[in-house]
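Engineer: Each residue of the sequence shown is one higher than the one before, counting from 169 in my numbering.
Watch out, some of these pointers could steer you wrong.
[To be verified] Okay, derived cross-link-like pairs now, DSS-like style, lysine-lysine, Cα gap no bigger than 30 Å in a straight line:
no. : residue 1 : residue 2
1   : Lys687    : Lys709
2   : Lys176    : Lys522
3   : Lys521    : Lys643
4   : Lys437    : Lys296
5   : Lys643    : Lys522
6   : Lys522    : Lys343
7   : Lys687    : Lys663
8   : Lys206    : Lys262
9   : Lys179    : Lys262
[What the hints assert, rightly or not] Label pairs and their calculated CB-CB ranges:
no. : residue 1 : residue 2 : range
10  : Glu323    : Asn735    : 26 to 32 Å
11  : Thr331    : Gly662    : 50 to 56 Å
12  : Leu483    : Asn735    : 53 to 59 Å
13  : Asp272    : Arg173    : 23 to 29 Å
14  : Gly301    : Glu323    : 23 to 29 Å
15  : Arg691    : Glu198    : 43 to 49 Å
16  : Arg434    : Leu483    : 49 to 55 Å
17  : Thr769    : Ala694    : 24 to 30 Å
18  : Asp272    : Lys206    : 20 to 26 Å
19  : Ala792    : Glu655    : 36 to 42 Å
20  : Pro602    : Arg748    : 27 to 33 Å
21  : Arg786    : Pro751    : 21 to 27 Å
These are computed hints drawn from the structure, not numbers from a lab.
Every residue, glycine too, gets a C-beta built ideally from N, C-alpha and C.
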Amino acid sequence: MSILRSVKDFKGLKGLTYSELNQLSCEIREMILQVTLKNGGHLASSLGAVELTVALLRAFDPERDKIIFDVGHQSYAYKILTGRLDRFHTLRTKGGIAGFPRMDESPYDFFTTGHSSTSISAAMGYAKARDIGGRNHEVIAVIGDGALLNGVSFEALNCVESTETKVIIVLNDNKMSISPRIGGIAGHLARLSVNPTYLKFKDFIKDQCHTLRRGDALEEALKKIKSKLKSLILPTNIFEEMGINYWGPFNGHDIEEMEEVFRLARHYKEPVLIHVLTKKGKGCCEAENNAPFFHGIGPNTDLDAAENHNSSSPLSWSDVMSGTLSEAASHDPRIAVCTAAMADGTKLNGFAKKFPDRFFDVGISEEHMLTFAAGMAAGGIRPAVCIYSTFLQRAADQLMHDICLSKLPVMIGVDRAGLVGEDGETHHGLLDVPWFRTLPGITIAAPRDAADLRFFVNGWIERGIPMVIRYPRGKAARDIPSQGRTERVPAEWGKLELLSRGRDVCLIGIGSTVELMLKTAERLEADEGIIPTVADLRFIKPLDLEGLSEIMRDHAVVVTAEENYLNGGSGMAVSEYACRDHPGCRVINIGVPDRYISHATRSEQWIECGLTSESIIRAIKRSA
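Let the hints inform the model, and build the full structure from the sequences given.
Structural biologist: This is how it looks when you write it as structure tokens:
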């Protein structure tokens, strides 16, 4: 019987030798590898945090102590060892366990995560609640080096001393976020990790641990450690300057070493940051050698997928956006591109190689990125920002205040707009349209195919306006010409486009739902004898009121479908116009209902949200 099956969870760790713990770590790593290759998920980061997790669960008791993982990319071993061993094979599948910590999934998940850099703030809140309530337990924030570079983390670090509460911060430093980490703090961490005093300190802390085991006074030993730390740590240590005791760096794959340090931290009365060095992708040479590729993988991925990646496969929407910007930049020296630690995810590596002086990866710093882009735009540049919809949420104020208010020509390429599948609630791009629509002076477009995306980008460059172009996850749709045309020619700027002409019913698609509406039209004609008109809205803001008016005069029923929340969405904008100017036209809105949509495949999520031909046809029949 395997060690993992015999211990089952963290309660069984106490009686194991360090040799057995190392074997256990190998078994956990193998389980993570097998399940993630099948189901998809965050492989490399979780592989790198196995021993760290084991040491945490040996030194702390999650039935009392609060362990909070930042983002959750590294939390798979924790899930396995906190009661989810038998369900781990359901990871990221519909009805299975989530790919990120969820408070409603387990009593040992103390904070719901998915977006970076929340763990220190949440841990400080837990610690202060402990103090106010007169309780006695430890609070531990586990944060990666990439997440530490975000402004939210620095706001928290800046408040640690003034909050006057003890919190333990474990910095898991693997020298990566998704892409290699960026910025001055990254360099500072690198210098700390090669500090020549590292070995001296490590030997010293081990000596103190042995001293404790001989029964000498704990308080005296800790005082010696603090004194030794201050003499060893570089004078420019930013954590010490913030009033946070810095310990490290330590070998994050040495369970015994980490356990000893964590046990000392339990008895330390002040805030402490423990710097741990790990290897992303540990134990899997393919993931170690190509950590960015194996950071987040899709279902049914082979270990040789990175090596055998076929560049001739159909282009994704991200590829089309990157290629369009590269083509534009070759003719226009004003074009620059920004991303936030997502050069791989947004497929901008090609642009970065071709135009290194006009490519800026700011790390996990979305708010800074948008104001930085606004500054470039004010200085005469045409900056494009490529970012996942869910991460853009952090920069709402910057989009409003720094870009739209001054009408600066920044283009936001909103990647992963819509339902994203297995990453679930925290990663869907369902909120951008409702809040974009509230911003005066912004233009919002959703392309149905690559031709329209290119048209929108070039139109933005020409007009010099604040603009959002939203596009979904996955492969770009084939070119979809309008009825009666053999070649694809985009419609006029600001205009919707009629793809086919019918009677009685008009089906309006927006971006990713245009193909759905075309398929629904075919079903209506074949099964119901109804020949509907099909239109592509194209521009969500400003609406083509003239085009909508023509449709509403000629059709008794208009159906909109969008991969976005219905509340505040583009369909609601169409309905509002109909109520005001065409009250005789009935508008039916299909889209994401007012609830969080859990992890599943993207197709399963579409079915759940009624984004199917069957659902649309039923809605039309009910309206008759």
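Engineer: Each hint needs a verdict: does it hold in this structure or not?
Structural biologist: Checked hints:
Restraint check for Lys687 and Lys709: the C-alpha separation of about 26 Å stays at or below 30 Å, so the hint holds. For a cut-off of 30 Å, the pair hint linking Lys176 to Lys522 is broken: about 51 Å separates their Cα positions. Of the pairs offered as hints, the one joining Lys521 and Lys643 holds, with about 23 Å between alpha carbons and a cut-off of 30 Å not exceeded. As the CA atoms of Lys437 and Lys296 are separated by approximately 14 Å, the hinted pair is consistent with the 30 Å bound.
Distance restraint check for Lys643 and Lys522: the Cα-Cα separation of roughly 23 Å lies within the 30 Å cut-off, and the hinted pair is therefore satisfied. For the proposed pair Lys522 and Lys343, the alpha carbon gap of about 25 Å is at most 30 Å, so the pair holds. For the given pair, Lys687 sits about 22 Å from Lys663 by alpha-carbon distance, which is consistent with the 30 Å threshold. Restraint check: the Cα-Cα separation between Lys206 and Lys262 comes to about 14 Å, which is no more than 30 Å; the hinted pair holds.
Proposed proximity of Lys179 and Lys262 is supported: the alpha carbons are some 29 Å apart, at most 30 Å. Restraint check, Glu323 to Asn735: a C-beta distance of roughly 30 Å satisfies the suggested window 26 to 32 Å. At about 51 Å, the CB distance of Thr331 to Gly662 agrees with the hint of 50 to 56 Å. Between Leu483 and Asn735 the beta carbons are some 33 Å apart, a value that contradicts the proposed interval 53 to 59 Å.
Restraint check, Asp272 to Arg173: a C-beta distance of roughly 27 Å satisfies the suggested window 23 to 29 Å. As the Cβ distance of Gly301 to Glu323 is approximately 24 Å, the hint placing it in 23 to 29 Å holds. In this structure the hint that Arg691 and Glu198 lie 43 to 49 Å apart at CB holds, the actual value being about 47 Å. Between Arg434 and Leu483 the beta carbon distance is about 53 Å. The supplied range of 49 to 55 Å therefore holds.
For the hinted restraint 24 to 30 Å between Thr769 and Ala694, the CB-CB distance of approximately 27 Å keeps it satisfied. Under the hint 20 to 26 Å, the C-beta atoms of Asp272 and Lys206, about 25 Å apart, fit the expected range. Against the hinted window of 36 to 42 Å, the Cβ-Cβ separation of Ala792 and Glu655 comes to about 37 Å, which satisfies the hint. In this structure the supplied range 27 to 33 Å is violated for Pro602 paired with Arg748, their Cβ-Cβ distance being about 19 Å.
With their beta carbons about 24 Å apart, Arg786 and Pro751 fall inside the hinted range of 21 to 27 Å.
This entry does not satisfy hints 2, 12 and 20, going by the numbered hints stated previously.
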